[in-house]
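Whenever a hint applies, use it, and build me the whole structure from the sequences.
Our numbering puts the sequence shown at residues 1 to 253.
Since the hints were made in silico from the structure, they are not lab data.
Cβ atoms here follow ideal geometry from the backbone N, Cα and C, with glycine treated the same way.
Check before you lean on any hint, since a few could be wrong.
Pair by pair, the computed Cβ-Cβ distance ranges are [claimed, not checked]:
1. K251 - T207: 17 to 25 Å
2. D64 - F249: 25 to 33 Å
3. K182 - D64: 20 to 28 Å
4. N55 - E166: 35 to 43 Å
5. E65 - E205: 23 to 31 Å
6. K132 - Y221: 27 to 35 Å
7. G110 - K40: 35 to 43 Å
Subject to a maximum C-alpha distance of 27 Å in a straight line, what follows is the list of computed DSS-like cross-link-like pairs (lysine-lysine) [said to hold, decoys possible]:
8. K132 - K159
9. K112 - K135
10. K165 - K90
11. K112 - K182
12. K133 - K159
13. K204 - K238
14. K190 - K238
15. K220 - K188
16. K133 - K112
17. K22 - K223
18. K2 - K90
19. K132 - K90
20. K155 - K2
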Amino acid sequence: MKIGMPILYEYDSLEENFILAKELGLDFVELNLNFAYCRKEMEKGNVEELLKKYNLEATLHFYDEGDLASYDEVVDAYLLLLDKYAKLGKNYIKNVNIHNCEGPVVTIAGIKNYIYDKDYDSYQERMSRNLKKAKRILSQYGINMTLENVDRFPKFMEKAYLFEKEEGYDFCYDIGHDNFQKRLFALKDKVDFPFKEFHIHDGKENTCHLALGEGNINIKYFKDLAIKNDAYVVLEVKQKVDLLKSVPFFKSL
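Here is the structure:
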């Protein structure tokens, strides 16, 4: 198991994040394409040198809205971006994490209805085709790919996860996203998913990304699961003050 942190909104450079990670005794930092300063520094080509300076590894979080089951024209653009940043990070990115998106939602009388649920067969065909393309792109640069559960987990996603598992994909388990519905939690007890990355943060009710110890999630349980899977663990709290609390909490368990 390796322990890392996400890049932080309060910072304006990757080096600030790397300095904090080194001070906290972490193994890696998860870069994030949603952040402009991350994209710019990857494009400048100085990230590998900085990682070596602080003796850190890196993973990469893809765009939050990168739905690989969307229209071909939309997905093609995301795949171009995936190739661009995978090529830039080929010597230092260990894993790229992509959201397992639930797709468009129609709210009727206060109830959320999922377009992909009504059109599941077409959704699965597009998703399967495009995940294979994404995997091929990353593999040519020696980078692994994980699929992350998002905070909405409609019933049809259970079929999607089982299909993706049979297709041989690795997964990222975001425990805060799953804390309210616990659908992936229930599913994992029936199926042995290869969880290669964990996003660990605390939560309660409908709130997540809390500092460890401030919610009601059994963090020790998930730490043990991460150790069993020899996974990358992102302590995914979003500000320095919460990392200062969460890292020693996690290491003490």
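- request: Taking the numbered hints from earlier one at a time, note which ones the structure violates and give those numbers from smallest to largest.
  value: Numbers 9, 14, 16 and 20, in rising order.
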